[in-house]
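Protein chains: 2
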Amino acid sequence: MASASPCSIYCSSRVFVRCSASEGGQGYHRSSSSSNAVRVNGAAHRAPLQVGAALETSISRSLAELSSPVLPPPPAAGERVRQNIPTEKQTVDPFRQALIVEGGVRYQQTLVVRSYEVGPDKTATMETVLNLLQETALNHVWMSGLLGDGFGATHGMIKNDLIWVVSRMHVQVEQYPIWGEVLDIDTWVGSSGKNGMRRDWLIRGRNSGDVFVRATSTWVMMNKVTRRLSKMPEEVRGEIAPWFIDRHAIQEEANEKIIKLDSNAKYVDSDLKPKRSDLDMNHHVNNVKYVRWMLETLPDHFLQQHQLSSIILEYRKECGSSDVVQSICQPDEDSVPPEGNVSMVNGPSLLPEIISGHHSLADALQQWPTKYTHLLQLKAGDKHEEIVRGRTTWKKKSYKAP
Amino acid sequence: MASASPCSIYCSSRVFVRCSASEGGQGYHRSSSSSNAVRVNGAAHRAPLQVGAALETSISRSLAELSSPVLPPPPAAGERVRQNIPTEKQTVDPFRQALIVEGGVRYQQTLVVRSYEVGPDKTATMETVLNLLQETALNHVWMSGLLGDGFGATHGMIKNDLIWVVSRMHVQVEQYPIWGEVLDIDTWVGSSGKNGMRRDWLIRGRNSGDVFVRATSTWVMMNKVTRRLSKMPEEVRGEIAPWFIDRHAIQEEANEKIIKLDSNAKYVDSDLKPKRSDLDMNHHVNNVKYVRWMLETLPDHFLQQHQLSSIILEYRKECGSSDVVQSICQPDEDSVPPEGNVSMVNGPSLLPEIISGHHSLADALQQWPTKYTHLLQLKAGDKHEEIVRGRTTWKKKSYKAP
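In order, the protein sequences belong to chains C and Z.
Each residue of the first sequence is one higher than the one before, starting from 1 at the first, in the UniProt record's numbering.
Each residue of the second sequence is one higher than the one before, starting from 1 at the first, in the UniProt record's numbering.
Everything hinted at is true.
If several chains are the same, the list does not tell them apart, and a pair holds so long as it fits within one copy or across any two.
EDC-like mimics (lysine to aspartate or glutamate), calculated; alpha carbons at most 16 Å apart, straight line:
1. Lys273 with Glu296
2. Lys397 with Asp300
3. Lys275 with Asp300
None of these hints come from the bench; they were simulated from the model.
Given only the sequences and the hints, what does the whole structure look like? Please build it.
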């Protein structure tokens, strides 16, 4: 039962907080008690983090649709069985080319990068990477036979009215896979501090074994009645701890706090409106659209010359179809490479690991990392409410921009 | 060699005509001779249909990247072999779960609908369907070992400077597959009139064998020097005809001509601008974005209550990243169901096939097809130039809109 822990997990990453601007917060129960509150992303979050009842209904309905056994029973009158999703734990999924390994704790799937998953430079886009992370996390849960058990909640979580919500995601791309590349994607879960859970991923090239992408995400528990974050009860820890692996896809130092930008930032895109095609099956703007909005705020000439090598997302609030969104972006002053002539004067300030392996200082400067801080927020009456904060790190493309 | 015919085919569907507004038409050779002109989409197209030299360069580069053998040779210095694409004909592609069947003329691939490929109603979107059609067509070509041979041109085509361009696409959805559904997709080519080629597709559910999607597309030859459409030389017909199957995914009557709309149409969306993420590997706005623009012009309440059951696209001109696009849309007056009360007075006008199988007149009206005509055009100086004309057919959703 402990492998129920990852259940619904990535689902929640796209849906975890409801948009009060569009939803009005009606129907939610709130509690003013703070005895069980926890700190996430450096701030105590209570009311702003709300998992809507609609989410639960929505997922429940999809679970019902997806829970037919591998060998489908004869269709009932007026109903067609169209699924091939196990309700019991499976170790092999031939159609998805997936395996459960390491005694059930690690999921591995083989995929090929498709023609429509690459951008103008013929490599997979960050959006594709995020899509594949979501897909493999959900498939991991499916193969555990647990997608129908209540959003991955363990018995102890159900007893305590707890559900999972995602608070943070960090994706590092070492190399973007190219069109037609065969990928092996691994995902697993682990502990995160006293009250959280991690889900990590590794994406490798089948031919070379090279790691292309490393990713980690953090999940916390929320009381679905009070809509407030919760500590992890000892009872629940006892259930899920045996399924955790102490293996980190990314060796992170202490989490750097992402500062909150205001509208004095260098780049501001206002009046961004979700389209119907931006909504996922939970009727919220999907995670990939968030990243698209963030990146489109950067100037085109920058995007042509640079490649995104890392993105960190701190989720605050979900965005619904009727919200109007503002995307704000600010470069780190000390991360912007010196403009104009590259002279030796700049040499001493270069980090040794940046210089190492490069033939010249000019090469090293080409690789100089450039960092940006991002904020997506929505208008709620006279003020703004944060949807997600972001940090991106870029490196200069080593080839001519097409 | 004849199976070279489908080569690059779907590629071209996304790139076949250059945007004169953004590209200025420089560098193209044009001929005023009309001896070899053909009629496409009911009109003789000459100068407006231009395949750019950049396209060729672009695809050539991608072909070079993709042409490593199944068993990769040791990487050359400074170069990594990351592909797993056959350069010789294969009958099985284990990673894509694909087979070449019927003596090499039919390609079949098994796929699972992914979590991010479904919309708010948890069924695959039309965009997903179009993506999968593109993917399987390209994979068919890859498995033929011909992706590196010059855009699918046969020896006779190369001798005559001919390439393939797509002129029309028709997709009929009988049922949208749902999240997690296992699909078998078949694709093959056939003749189309005297000078064209068809590529057809069938998408079926693995469990039920039901047909979900039928699609057909039409391709013609263009002289890559004069940029003008060309008749199919007898020499080329002799090469490719043996690979054609006389099997139609859709039994079409004579192609209905799509009328050209003007700005007096009911719905007009102007100033649509492609984003960087809308560009495909050929640096043009991709086919899926066209359809998104078309559909987003329809009112939201209509989209909530109706499901797209058929789309026909007639391609005229490609759209580049700097173009400003207008999407125009007009409902067929006689296809809009009667508003207000449904009375028996309307009965006699219902088509028998619509009534057949329904329990009541109200049910029948629920299924009344609704048709729209579409036009995407771009501003080129003072006038507009057509990108694509479209026709969509809709049916009322049988379930409550979420």
